[in-house]
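Chains as they are written, first to last, in the working numbering: chain A, 1 to 324; chain B, 1 to 380.
I should point out that these hints are in silico values taken from the structure, not numbers from a laboratory.
The beta-carbon is built from N, C-alpha and C at its ideal position, and this holds for glycine as well.
Treat each hint with caution, since some may be false.
Unchecked claim - Over the 12 Å line for every Cβ pair with chain B, so calculated as not near, a few chain A residues:
(1) Asp-52
(2) Gln-71
(3) Asn-130
(4) Ile-147
(5) Val-185
(6) Tyr-214
(7) Ala-218
Stated by the list, open to error - Residues on chain B that point at chain A, a partial pick, calculated with CB under 7 Å:
(8) Thr-227
(9) Pro-229
(10) Ala-285
(11) Phe-323
(12) Gly-356
(13) Phe-360
Claimed, not checked - Label pairs and their computed distance ranges (CB to CB):
(14) A:Ala-42 to B:Ile-88: 41 to 47 Å
(15) A:Asp-174 to B:Leu-132: 57 to 63 Å
(16) A:Gln-183 to B:Tyr-107: 53 to 59 Å
(17) B:Leu-45 to A:Ala-42: 48 to 54 Å
(18) B:Tyr-107 to A:Leu-161: 37 to 43 Å
(19) B:Glu-79 to A:Val-313: 18 to 24 Å
(20) A:Thr-222 to B:Ala-279: 35 to 41 Å
(21) A:Leu-161 to B:Pro-329: 29 to 35 Å
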Amino acid sequence: MGMEWYVVRRVAWAVVATYLAVSLTFGLLMVTPNAGADVAAAQAAASGQDYDAVRERYLERRGLDRPVEEQYIDYITNILTFDWGYSFSQGEPVLAAIGDAWVYSAQYFVPAIIISALLGYGIGLYSALNRYTPTDYLGSFVAYFGISIPNFWFAIVLILLFGVVLRLLPTFYDSSVALLSVQNVKQLLMPVVVLSTASVAGQMRYSRAQAIEYARSAFVKTARAKGASEWRVLTRHILRVALVPLSTILIADVLAVLFAGSFIIETIFQIPGLGRLALEAIQQKDTPLVLATTLIPVFIAIIGNLLQDLAYVALDPRIDYGDR
Amino acid sequence: MAGDEPAPDVGTARTAGTGFERIDWTAVDDADSTVPPAAVAAEALVFFSLVAAFVYDYVILANEAPTVGVVGWDVTGVEWLLVVVLAIGVFHAALPLARNRRLTAYYWRQFQKNRAAVVSLGFLGFVFLVGLVGPLIWTAPNEAIDYAAAYQPPVFAGGSWAYALGTDAQGRPLWHLIVYGMRVSLEVGLISMVFAISIGTVVGTAAAYFGGYVDEVLMRYVDLQQTFPVFILLLLLIYLYGASLLLIIALYGLFSWEGTARLVRSEALQRGEEAYVRAAEAAGAGRWWTIRRHLIPNVSSTVITAATLSIPVFILGEASLSFLGFGDPDVFSWGRTISAGRSDLPNAPWISTIPGLFLFLTVLAFNFVGDALRDAIDPR
Numbered sequence: 001m002g003m004e005w006y007v008v009r010r011v012a013w014a015v016v017a018t019y020l021a022v023s024l025t026f027g028l029l030m031v032t033p034n035a036g037a038d039v040a041a042a043q044a045a046a047s048g049q050d051y052d053a054v055r056e057r058y059l060e061r062r063g064l065d066r067p068v069e070e071q072y073i074d075y076i077t078n079i080l081t082f083d084w085g086y087s088f089s090q091g092e093p094v095l096a097a098i099g100d101a102w103v104y105s106a107q108y109f110v111p112a113i114i115i116s117a118l119l120g121y122g123i124g125l126y127s128a129l130n131r132y133t134p135t136d137y138l139g140s141f142v143a144y145f146g147i148s149i150p151n152f153w154f155a156i157v158l159i160l161l162f163g164v165v166l167r168l169l170p171t172f173y174d175s176s177v178a179l180l181s182v183q184n185v186k187q188l189l190m191p192v193v194v195l196s197t198a199s200v201a202g203q204m205r206y207s208r209a210q211a212i213e214y215a216r217s218a219f220v221k222t223a224r225a226k227g228a229s230e231w232r233v234l235t236r237h238i239l240r241v242a243l244v245p246l247s248t249i250l251i252a253d254v255l256a257v258l259f260a261g262s263f264i265i266e267t268i269f270q271i272p273g274l275g276r277l278a279l280e281a282i283q284q285k286d287t288p289l290v291l292a293t294t295l296i297p298v299f300i301a302i303i304g305n306l307l308q309d310l311a312y313v314a315l316d317p318r319i320d321y322g323d324r
Numbered sequence: 001m002a003g004d005e006p007a008p009d010v011g012t013a014r015t016a017g018t019g020f021e022r023i024d025w026t027a028v029d030d031a032d033s034t035v036p037p038a039a040v041a042a043e044a045l046v047f048f049s050l051v052a053a054f055v056y057d058y059v060i061l062a063n064e065a066p067t068v069g070v071v072g073w074d075v076t077g078v079e080w081l082l083v084v085v086l087a088i089g090v091f092h093a094a095l096p097l098a099r100n101r102r103l104t105a106y107y108w109r110q111f112q113k114n115r116a117a118v119v120s121l122g123f124l125g126f127v128f129l130v131g132l133v134g135p136l137i138w139t140a141p142n143e144a145i146d147y148a149a150a151y152q153p154p155v156f157a158g159g160s161w162a163y164a165l166g167t168d169a170q171g172r173p174l175w176h177l178i179v180y181g182m183r184v185s186l187e188v189g190l191i192s193m194v195f196a197i198s199i200g201t202v203v204g205t206a207a208a209y210f211g212g213y214v215d216e217v218l219m220r221y222v223d224l225q226q227t228f229p230v231f232i233l234l235l236l237l238i239y240l241y242g243a244s245l246l247l248i249i250a251l252y253g254l255f256s257w258e259g260t261a262r263l264v265r266s267e268a269l270q271r272g273e274e275a276y277v278r279a280a281e282a283a284g285a286g287r288w289w290t291i292r293r294h295l296i297p298n299v300s301s302t303v304i305t306a307a308t309l310s311i312p313v314f315i316l317g318e319a320s321l322s323f324l325g326f327g328d329p330d331v332f333s334w335g336r337t338i339s340a341g342r343s344d345l346p347n348a349p350w351i352s353t354i355p356g357l358f359l360f361l362t363v364l365a366f367n368f369v370g371d372a373l374r375d376a377i378d379p380r
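Okay, chain A solo, but in the shape it has when bound (with noise of 0.2 Å):
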């Protein structure tokens, strides 16, 4: 099987994982009694109306009353038609107030991608290549401290010794300031240090554990000998094959301690992003946006996931595509 057959097997299956997440969550939806339905009827009850004539009105508005069929391939075609409904906590368009969210979440997340990807796989190398000494000790104890520091409590600590105590940052994350600001970089600096502490630890662990297992390798060996410096050695010849394992952790791991990560700490310093917009949706039953944000994570796993396949492609060359 050559590599284009390979490539196109991953987009397909894409594709279906896709299909499968989306009709995933319209059997939950199905089996689960209506929660806005129940809200809005309630609402009236307690205004004199009639409870369930309420109910079914709201159904029947929507048009949850017809027959399952008919409903799944409405699901389906609006979901890829990006027909993804209105929001009445938010008052105008799921995608609307995704696109006004989206821009508070990228200014914490992109810097925490970048400094923890860096920071992660230079000083997993770097211990990698010099073990048992200090620094390596040094990388571990980091690494043991941010798998294991809960990132809610990490961010009231930190809260409570700069904000509160020493008063040197803003508690708090105020959308009023301008993007391009010293009080935006300042109000930034702690969401961004908890969110790439946690993934910083993870990429440094594997790192480490992927370039001692080529330290090792007859080709370094050989690139040693031949008088290869030691800075070629690290980036031509080690990382050139721990790249392949390293970028797969990069997707799967990080993306969810991200996702997970971006609740909390939007939460915790009141950043109106993503995830704040899905506890919102969340805690007032806003059914079509708590979807629109459990499928938007879902699509970016699926095409990381898909991008990192095809990455191996160009990374690898070794790779025997008819095995997978």
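Chain A is fixed; fit chain B onto it per the hints.
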């Protein structure tokens, strides 16, 4: 076999053969087997009585009546599961370790090389014991509400010994909240771990051993599950069904075994190529026999390490959910206490920080122990 190892008791199986020694292999297997029939019978008895007690509690006893009247302990659904998990632990971890003294001593010597891990193990033993019996000694936080004693600082910050770790906004002693939080963490960590590891091991070995379509279907499913972020799925399901500790535990158990399945599969694929598996197959061993007797025991070091390292992930996950307000409103998770203390951060910082410190240390200890276990039992 190395010289100092005790030879399996094959004396009875040996018959006076002519020329070659003749060995009855089933007898050797029975003698070699680490599980004596008495232990199997005892385990069956324990599980039978557990099921009987559970049925008694749910069918005969009224909903509000305590299960164990003497201490007034009303066993809940999650606590039943914890008891089952502890029983599994006794029969499948503690008993085999106690029976194989020599092996246990060897592992212990290896483990002891890591000083931090030994200290961590001590701390985890403390958390385990307090989490298990603490709720029977100290009163439930809600019965200890005392508004007159609100915001008492801990003893190292000028408080009194009556409230050594201070009190929260409702005057509940922080120590009580921490003890009940230990129980919650214990339940989440252990029960989810047993769920996830069992499913992962079964799926991983099955995929590796059967190969072909079974492998393809199982691993594609694993791919899919890995793609779907568990935390998001949990939030969605809690949104739809409402939060309960049992649901959170079950979801973590049912949706986070893919890593274990992958690990076990790749390990089992390597083991499946080895001579002893080939020999067993050549001797006519069936598939399940090969899996049960040869594959699973040989991937157990991977499984034990994965199990230990998965516990802190579950504990942290539950605490994060509770922190966000999606935890079970009836249990005192550490995450919930930390979240409640946030509004009092400037005037009463101990409410958030002390339970957080316990959470941090517990997770850290599990990570230390897990890594030391890997070094001790996994020679590679």
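Here is what the structure says about each hint:
no.	hint	verdict
1	Asp-52	21 Å, holds
2	Gln-71	17 Å, holds
3	Asn-130	20 Å, holds
4	Ile-147	6 Å, violated
5	Val-185	23 Å, holds
6	Tyr-214	15 Å, holds
7	Ala-218	18 Å, holds
8	Thr-227	5 Å, holds
9	Pro-229	5 Å, holds
10	Ala-285	27 Å, violated
11	Phe-323	5 Å, holds
12	Gly-356	3 Å, holds
13	Phe-360	5 Å, holds
14	A:Ala-42 to B:Ile-88: 41 to 47 Å	44 Å, holds
15	A:Asp-174 to B:Leu-132: 57 to 63 Å	46 Å, violated
16	A:Gln-183 to B:Tyr-107: 53 to 59 Å	56 Å, holds
17	B:Leu-45 to A:Ala-42: 48 to 54 Å	51 Å, holds
18	B:Tyr-107 to A:Leu-161: 37 to 43 Å	41 Å, holds
19	B:Glu-79 to A:Val-313: 18 to 24 Å	51 Å, violated
20	A:Thr-222 to B:Ala-279: 35 to 41 Å	38 Å, holds
21	A:Leu-161 to B:Pro-329: 29 to 35 Å	31 Å, holds
In this structure, the hints that do not hold are numbers 4, 10, 15 and 19, in rising order.
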